[in-house]
Amino acid sequence: MDLQKLLVTIFSFGGIAFTYWFFLMKKEKEVEASDSINITVNGGYNPEVISIPFGKTTILNFTRTDPTECLNEIVLGDFNIRRELPLGKKIAIKLDPKKKGEFGYSCGMNMYHGKIVVK
Amino acid sequence: MEKSSSNNQTTKTYPIKGMHCASCVRVIERALSVVPGVSKCNVNLATEKATVVFDQNKVTNDTIANAVKNVGYEAIVDQKIEEKDELQQEKLKELKALRNKVIIGLSLGILILWGSFPGLMHTAPMILQNFWVQMLLATPVQFWVGWEFYRATINSLRHRTANMDTLVTIGTTVAYLYSVVVTIFPALISGITNNPMPYFDTSTIIIGLILLGRYFEAKAKAGTSEAIKKLIGLQAKTARVIRNGEEVDIPIDQVKIGDVIRVRPGEKIPVDGIILEGESSIDESMITGESLPVDKIKGDTVVGATMNKTGSFTYKATKIGEDSMLAQIIKLVEDAQGSKAPIQRLADLVSSYFVPIVLMLAFVTFAIWFDFGPTPAFLFALLNTVAVLIIACPCAMGLATPTAIMVGTGIGAENGILIKDAESLEIAGKIKSVVFDKTGTLTNGKPEVTDVIPGAGFTKNDILRIAASIEIKSEHSLAEAIVSKAKLEKIKLVDLEKFQAIPGHGVSGLISKNKILFGNGKLMDKEGIVFSKQKGDIENLENEGKTVMLLAQSKQLIGLVAVADTLKESAKNGVDKLKKMGIETIMFTGDNTRTANAIAKRAGVDKVLAEVLPGDKESEIRKIQAIGKKVAMVGDGINDAPALAAADVGIAMGTGTDVAIEAADITLINKNLESVANAIELSKKTMRTIKMNLIWAFGYNIILIPIAMGVLYPFFRILLNPIFASVAMASSSVSVVTNSLLLKRFKI
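Chains as they are written, first to last, in my numbering: chain A, 1149 to 1267; chain B, 11 to 758.
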């Protein structure tokens, strides 16, 4: 194997390892919400992992600042909620969790993800 | 948002515009608290909303709006309509901008393709064959038309996430940058290939085609949520309310509970209520899916958004705003469309890892082609890597299930079948047994006179006249059936004296000094009246599940009246339809076996469980489930709540009331028993569409990604041109959405 090929091979393995680490090994900080929490939708959800209290109503205020088509819907499938997120508008979603656990939420096409932890 | 109401007190939340500090909170709270009728108010700066508790007889939305306006802010009282309109406008604007970008991107792309595609380029003007001109044309496509890919990628990478835009950005940028180097520094590439050519056509056409796919997808997706738009559009805008003896047209949100409303022929009924005066024929098809108009008289309920056909009437408003049946239906459909079907779990799992995996495969592709590919290896590696990035389409997987669920639940709603969530829709198609409650579900739940057998010298009307004249004074449950029948036949009743109820036996009285006895065989035996000749008739009627009452006058039996709970018109067809689908039909009833068998025979059900106590229905359902069958329970939604909950799918023959909707997985507001089979059929069709979509979405990626990587090259010399990859990718999402829309052809 000549040097060029060796470099390309190393570069590719490096790329694979980086991709795995960058996208699949990230750890999101859990943010606690009491009565309500503001979530910015911009290339994902910020904060992404939200913990809410069990048996209490919590309002999630989503504001989309990213015009990406993919993000114009928010789906909280475990709570039977699919809501459009007009650009720049605060959309309040009321959650009244009936059970504890971790519940994923995503954009309408299931590309961007977040998590709600009911404690 | 209305939360609760009791004693005319209601709680509503209004979004407030113009708030910026804590003092705004106090100003608005003060302004609202002095409004007569407002008992409590709370303004939240974070949510920019005011929650007001008020007496709805004294305060309207406008009162609140005015109070807030007077202190310099704005309360949104009709937020839904405003939001929907704004949303619609915004979407149209986005769609128009996207269309313009597609036109520009593809036009420039085609010009570049003409000037660079082998076999075609010799027909193009020399200027288009110039690399510098091609770069000039490709640059705005890359960075202006394709800007949204870059923006999404940058935003995603900040969150360490990636989506389809990331793949398109990397794929097209690689092709574009390589072409720029070929154009500006051809010497750098001369070591790789003898005749370096740019790939501006690839980068531009890919961007143009993917945006074209998005444009079609956005248009098609709008069709999947049409049902909600249609339902919202049904709402009347104004109501003609009688206030202080005068008829005034007011906006619908100002209608209060208890208002008297006049509706003329051809007008839409504004809110739910009860008819006070007049009668009419009302088209309820928009709510129930039932095409025949329904005749309504004083005391009947009317539903907002239905159409008055012939008569004019006044009615009292009983449910408004979010309590109305239409609002509840809309909420239910919205909830169902937001829910996830269990079948979606795999797609969810795959799509959450999909893009990083494709990126890793792109690295693998590049390395393999560079290390082991034919000359020029770099070009093969480059083009195949771009093809892998472009062909991958995670969107099709994300769209496969929800689009079909949206169309399926929408079709249901348009036909009076309200499906609670995607899971119920999914399970409904697997139902093997349907259990019907008898009273009120298979039958009308109201006894009716079925037979009148007069004795010698009497007519049917004579018997009904005497029976009804005595029964009108009775409080027995069967008495109403006899009196109603006499009314229906327009029979004039006669005076009766000395009425006496004999518990467990019947009633007695005097008509023109003749002693009348009306009741069961025990009464006749007790009074020494002979009815041996009629025993055959009595037995036959009882075998048909009917209750027979004997009428005697002056110690002589003069006739028989049979009363029974009648089968619903749709019962027989509903059961037949299920049987044709190979589904077992079972009837539960608390009645005795003879009556139960008689009704079951007429309805055509396969099995009967008689003398079942209400509390035992649930355990009987579990017994059927224990043998591995998925069971649907059809009941009235109120009395059968535990059984409905125990069944795999609880189907309520409801009227859109809270209780019925909450207890059931599926609510049939059209009360048509054929809808049970229709709901199961709709579920099967929707699931078939979802499966086709998933096979297509998964199959597409599983087959085409390896082809793009070049697995066919060693055997057939086949490679996937990145431009064709973009065509396939753009059409994959569109085809999934279109397939879901094809569900609309399903006619109930």
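Just so you know, these hints were derived from the structure itself, not from any lab.
All values reported here derive from a predicted model rather than from experimental measurement.
Mixed in with the good hints, there may be bad ones.
[Said to hold, decoys possible] Think about it this way: if two alpha-carbon atoms lie no more than 30 Å apart in a straight line, the pair counts; the simulated DSSO-like pairs of lysine-lysine are:
{"#": "1", "chain 1": "B", "residue 1": "K483", "chain 2": "B", "residue 2": "K611"}
{"#": "2", "chain 1": "A", "residue 1": "K1237", "chain 2": "B", "residue 2": "K681"}
{"#": "3", "chain 1": "B", "residue 1": "K442", "chain 2": "A", "residue 2": "K1237"}
{"#": "4", "chain 1": "A", "residue 1": "K1237", "chain 2": "B", "residue 2": "K101"}
{"#": "5", "chain 1": "B", "residue 1": "K442", "chain 2": "B", "residue 2": "K681"}
{"#": "6", "chain 1": "B", "residue 1": "K247", "chain 2": "A", "residue 2": "K1237"}
We went through each hint and held it up to the structure:
Restraint check for B/K483 and B/K611: the C-alpha separation of about 35 Å exceeds 30 Å, so the hint is violated. With a C-alpha separation of about 41 Å, the suggested pairing of A/K1237 with B/K681 is violated against the 30 Å cut-off. The straight-line distance between the Cα atoms of B/K442 and A/K1237 is roughly 47 Å, outside the 30 Å bound, and the hint therefore fails. Note on A/K1237 and B/K101: the hinted pairing holds, with a Cα-Cα distance of about 14 Å set against a maximum of 30 Å.
Restraint check: the Cα-Cα separation between B/K442 and B/K681 comes to about 22 Å, which is no more than 30 Å; the hinted pair holds. Distance check on the hinted pair: B/K247 and A/K1237 sit about 26 Å apart at the alpha-carbon level, within 30 Å; holds.
Figure legend: structure checked against the earlier numbered hints; hints not met, in rising order: 1, 2 and 3.
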